[in-house]
Amino acid sequence: MSSVVNVEEKLFQNRYKIDAGRPHIRIKDAAVCASACDEKQCTFICPAACYKAEGNGEVTLITDGCLECGSCRVICAEYANVAWEYPRGGHGILFKFG
Amino acid sequence: MAEHFDAIVVGAGPSGNAAAYTMAKAGLKVLQVERGEYPGSKNVQGAILYAQALENIIPDFRDDAPLERHIIEQRLWMLDEQSFVGTHYRSDDYNKPPYNRYTIIRAQFDKWFSSKVREAGALLICETTVENLILDGSHVVGIHCDREGGDVFADVVILADGVNSTLARKAGFHGELSPRDVALAVKEILFLPEETIQSRFNVKEDEGVVIELMGSVTEGMIGTGFLYTNKDSLTIGIGCMLSDFKVNPRRTSPYALLEKLKRHPAIAPLIDGGEMKEYCAHLIPEGGFDAVPRVYGDGWMIVGDSGGFVNAAHREGSNLAMTTGRLAAETVIAARAAGKPMSASTLAAYKRALDDSFVMKDLRKYRRLPKVLESSPQFFTTYPELVNRAARTMFTVDGVDKLTKEREILGSFRVARRLGGLFGDALKLWRATR
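Chains as they are written, first to last, in the working numbering: chain A, 1002 to 1099; chain B, 13 to 446.
Wrong hints could be hidden among the right ones.
Heads up, simulated DSSO-like pairs for lysine-lysine below, C-alpha to C-alpha not over 27 Å straight-line [what the hints assert, rightly or not]:
{"id": "1", "chain 1": "A", "residue 1": "1029", "chain 2": "B", "residue 2": "128"}
{"id": "2", "chain 1": "B", "residue 1": "216", "chain 2": "B", "residue 2": "289"}
{"id": "3", "chain 1": "B", "residue 1": "243", "chain 2": "A", "residue 2": "1097"}
{"id": "4", "chain 1": "B", "residue 1": "440", "chain 2": "B", "residue 2": "383"}
{"id": "5", "chain 1": "B", "residue 1": "377", "chain 2": "B", "residue 2": "363"}
{"id": "6", "chain 1": "A", "residue 1": "1053", "chain 2": "B", "residue 2": "289"}
{"id": "7", "chain 1": "A", "residue 1": "1018", "chain 2": "B", "residue 2": "377"}
{"id": "8", "chain 1": "B", "residue 1": "243", "chain 2": "B", "residue 2": "108"}
{"id": "9", "chain 1": "A", "residue 1": "1018", "chain 2": "B", "residue 2": "289"}
{"id": "10", "chain 1": "B", "residue 1": "128", "chain 2": "B", "residue 2": "37"}
{"id": "11", "chain 1": "B", "residue 1": "363", "chain 2": "B", "residue 2": "182"}
{"id": "12", "chain 1": "B", "residue 1": "383", "chain 2": "B", "residue 2": "258"}
{"id": "13", "chain 1": "A", "residue 1": "1018", "chain 2": "A", "residue 2": "1053"}
{"id": "14", "chain 1": "B", "residue 1": "440", "chain 2": "A", "residue 2": "1041"}
{"id": "15", "chain 1": "B", "residue 1": "123", "chain 2": "B", "residue 2": "258"}
{"id": "16", "chain 1": "A", "residue 1": "1041", "chain 2": "A", "residue 2": "1097"}
{"id": "17", "chain 1": "B", "residue 1": "289", "chain 2": "B", "residue 2": "383"}
{"id": "18", "chain 1": "B", "residue 1": "108", "chain 2": "B", "residue 2": "41"}
{"id": "19", "chain 1": "A", "residue 1": "1097", "chain 2": "B", "residue 2": "128"}
{"id": "20", "chain 1": "A", "residue 1": "1053", "chain 2": "B", "residue 2": "37"}
{"id": "21", "chain 1": "B", "residue 1": "108", "chain 2": "A", "residue 2": "1097"}
{"id": "22", "chain 1": "B", "residue 1": "182", "chain 2": "B", "residue 2": "243"}
{"id": "23", "chain 1": "A", "residue 1": "1029", "chain 2": "A", "residue 2": "1053"}
{"id": "24", "chain 1": "A", "residue 1": "1029", "chain 2": "B", "residue 2": "108"}
{"id": "25", "chain 1": "B", "residue 1": "108", "chain 2": "A", "residue 2": "1018"}
{"id": "26", "chain 1": "A", "residue 1": "1041", "chain 2": "B", "residue 2": "258"}
{"id": "27", "chain 1": "B", "residue 1": "363", "chain 2": "B", "residue 2": "352"}
{"id": "28", "chain 1": "B", "residue 1": "41", "chain 2": "B", "residue 2": "243"}
{"id": "29", "chain 1": "B", "residue 1": "37", "chain 2": "B", "residue 2": "258"}
{"id": "30", "chain 1": "B", "residue 1": "37", "chain 2": "B", "residue 2": "123"}
{"id": "31", "chain 1": "A", "residue 1": "1097", "chain 2": "B", "residue 2": "289"}
For the record, the hints were derived by calculation from the structure and aren't laboratory data.
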């Protein structure tokens, strides 16, 4: 399967109210992603591509496009390394159609 | 001293709205808290509305609810890479009011439902995330919100906070979701002129079609795609079990799966020219009977997706959500009338009502289905491929005699599954759904 699908184009259609400087999801311990986790499934399962595998083995997380589904937290069952909260009231994705 | 309510409902989706409406209508002092800017702004569904569950709550909902199209035709397609074999069920019975199901757009529908809740007398606060439940010993006595002075108290708190069930999980009422018990679905809404939709799907004004899709589009994962007709838009989506996404050797992203579905030669002409205006993702609790956690305790009940109330086999969710919300509300109303405390033993009546309703009866009926499908991926890959191959063999006129063709088809099934496998699959499926 080609991975050339541009999810940014899809996310561009969505409406967000970003809570600047207050991401609602956090990687608890970056070292766990870098050294313990080989699969890094968050980097392809996240439907908004918020998780990126970096060249040095680390995983970076930018929550701006987050669709608040919860998949990243649920799939990280082995390491439970995702601290996941909903955004503050009124922030995050604002579905126009849902 | 913070204000005290008879009941607090967390969330303004179908289950929360059903609960808040039912209690407010009965004269209870109800607070409903929603984290979105408006009810619906955080909510995602296919979306099909089954009329009956809502009728039980608001009998005249058809007068002003924002409904897209009533469904007169259900298609089920089995796809391989190039083709599909499908069934269509269309009946003019579905064209006789009152209609039995509709496509809806959730942001609009939830806003409407919420207006009914407020008319009934409930107080709704939006843009407010509930961070934690407030407990006194084991008893839930209120909620802590992300607002200043955000503690509010009530006799009972109804958790309608969606599939992630954040509040009950944080309170330790149940554990984390298992990837085996949830499907991840993504979808897009594509706008097209009403007339284009009507001619492409062979329907008149207000009539609609739903298409469920199985086969190669899920790359062997347990899951389905769907295409629904709204008034002047189409909804197209695909969902697979999260546990399957994890082990898919191709490491396919959900949006790549959706793109592949949109490009399938059987789908592409139907959605051609559609203007994409939103992309959504959502988890669906599909673990069924065995994945339903404890749904009541001292001062609390869980309703809707938060309690795992989805009948995956029949693609039903919002009707279970509304019904569980209503039943929880009726439990509170009856307990108050009898002067009983909102203790676990009182609220056990909610579980009994669930067990007596179609909600738990249906979940029990399909109890074994998730495990059977998990151990039999051939239902989602091998069979759709075989059926398409059989159709191609039979319908291609190429000078080969029909008996030889029949033997070839039977041979392909035997090679793929062996006779024992075929019978075993049929038996397993029958036992899991009877």
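These are the hints, each one checked on the structure:
With a C-alpha separation of about 42 Å, the suggested pairing of residue 1029 of chain A with residue 128 of chain B is violated against the 27 Å cut-off. Between residue 216 of chain B and residue 289 of chain B, the direct Cα distance comes to roughly 24 Å. Compliance with the 27 Å bound is thereby established for this hinted pair. Only pairs whose Cα atoms come within 27 Å are accepted, and residue 243 of chain B paired with residue 1097 of chain A is accepted, the gap being roughly 16 Å. The suggested pairing of residue 440 of chain B with residue 383 of chain B holds, with an alpha-carbon distance near 10 Å, which does not exceed 27 Å.
Note on residue 377 of chain B and residue 363 of chain B: the hinted pairing holds, with a Cα-Cα distance of about 17 Å set against a maximum of 27 Å. Distance restraint check for residue 1053 of chain A and residue 289 of chain B: the Cα-Cα separation of roughly 25 Å lies within the 27 Å cut-off, and the hinted pair is therefore satisfied. Distance hint between residue 1018 of chain A and residue 377 of chain B is unfulfilled; the C-alpha atoms sit about 43 Å from each other, more than 27 Å. Of the supplied pair hints, the one linking residue 243 of chain B and residue 108 of chain B holds, its CA atoms being roughly 19 Å apart against a limit of 27 Å.
A threshold of 27 Å between alpha carbons decides the hint, and for residue 1018 of chain A with residue 289 of chain B the separation of about 17 Å falls inside it, so the pair holds. This hinted pair checks out: residue 128 of chain B and residue 37 of chain B have alpha carbons roughly 10 Å apart, not beyond 27 Å. Under the criterion of a C-alpha separation no larger than 27 Å, the hint pairing residue 363 of chain B with residue 182 of chain B is consistent with the structure, at around 22 Å. This hinted pair checks out: residue 383 of chain B and residue 258 of chain B have alpha carbons roughly 17 Å apart, not beyond 27 Å.
At most 27 Å may separate the alpha-carbon atoms for a hinted pair to count; residue 1018 of chain A and residue 1053 of chain A meet this at roughly 22 Å. Proposed proximity of residue 440 of chain B and residue 1041 of chain A is contradicted: the alpha carbons are some 35 Å apart, above 27 Å. At roughly 35 Å between alpha-carbon atoms, residue 123 of chain B and residue 258 of chain B are farther apart than 27 Å, so this suggested pair is violated. About 32 Å separates the Cα atoms of residue 1041 of chain A and residue 1097 of chain A, which puts this hinted pair outside 27 Å; it is violated.
With a CA separation close to 37 Å, the supplied pair residue 289 of chain B and residue 383 of chain B exceeds the 27 Å bound. Note on residue 108 of chain B and residue 41 of chain B: the hinted pairing is violated, with a Cα-Cα distance of about 39 Å set against a maximum of 27 Å. Restraint check: the Cα-Cα separation between residue 1097 of chain A and residue 128 of chain B comes to about 20 Å, which is no more than 27 Å; the hinted pair holds. In summary, the hint linking residue 1053 of chain A to residue 37 of chain B is not supported, as the alpha carbons are separated by about 49 Å, beyond the 27 Å threshold.
At most 27 Å may separate the alpha-carbon atoms for a hinted pair to count; residue 108 of chain B and residue 1097 of chain A exceed this at roughly 31 Å. The suggested pairing of residue 182 of chain B with residue 243 of chain B is violated, with an alpha-carbon distance near 41 Å, which exceeds 27 Å. Straight-line distance between C-alpha atoms of residue 1029 of chain A and residue 1053 of chain A comes to about 16 Å, which keeps the hinted pair within the 27 Å bound. Between residue 1029 of chain A and residue 108 of chain B the alpha-carbon distance is near 56 Å, which puts this suggested pair outside the 27 Å criterion.
Restraint check: the Cα-Cα separation between residue 108 of chain B and residue 1018 of chain A comes to about 43 Å, which exceeds 27 Å; the hinted pair is violated. Pair hint residue 1041 of chain A plus residue 258 of chain B holds up; C-alpha atoms about 10 Å apart against a cutoff of 27 Å. With a C-alpha separation of about 17 Å, the suggested pair residue 363 of chain B and residue 352 of chain B falls inside the 27 Å cut-off, and the hint holds. Simply put, residue 41 of chain B and residue 243 of chain B have alpha-carbon atoms about 38 Å apart, too far for the 27 Å limit, and the pair is violated.
Note on residue 37 of chain B and residue 258 of chain B: the hinted pairing is violated, with a Cα-Cα distance of about 45 Å set against a maximum of 27 Å. This hinted pair checks out: residue 37 of chain B and residue 123 of chain B have alpha carbons roughly 18 Å apart, not beyond 27 Å. A distance of roughly 9 Å separates the Cα atoms of residue 1097 of chain A and residue 289 of chain B; the hinted pair therefore holds under the 27 Å criterion.
In terms of the numbered hints stated before, the structure departs from hints 1, 7, 14, 15, 16, 17, 18, 20, 21, 22, 24, 25, 28 and 29, listed from lowest to highest.
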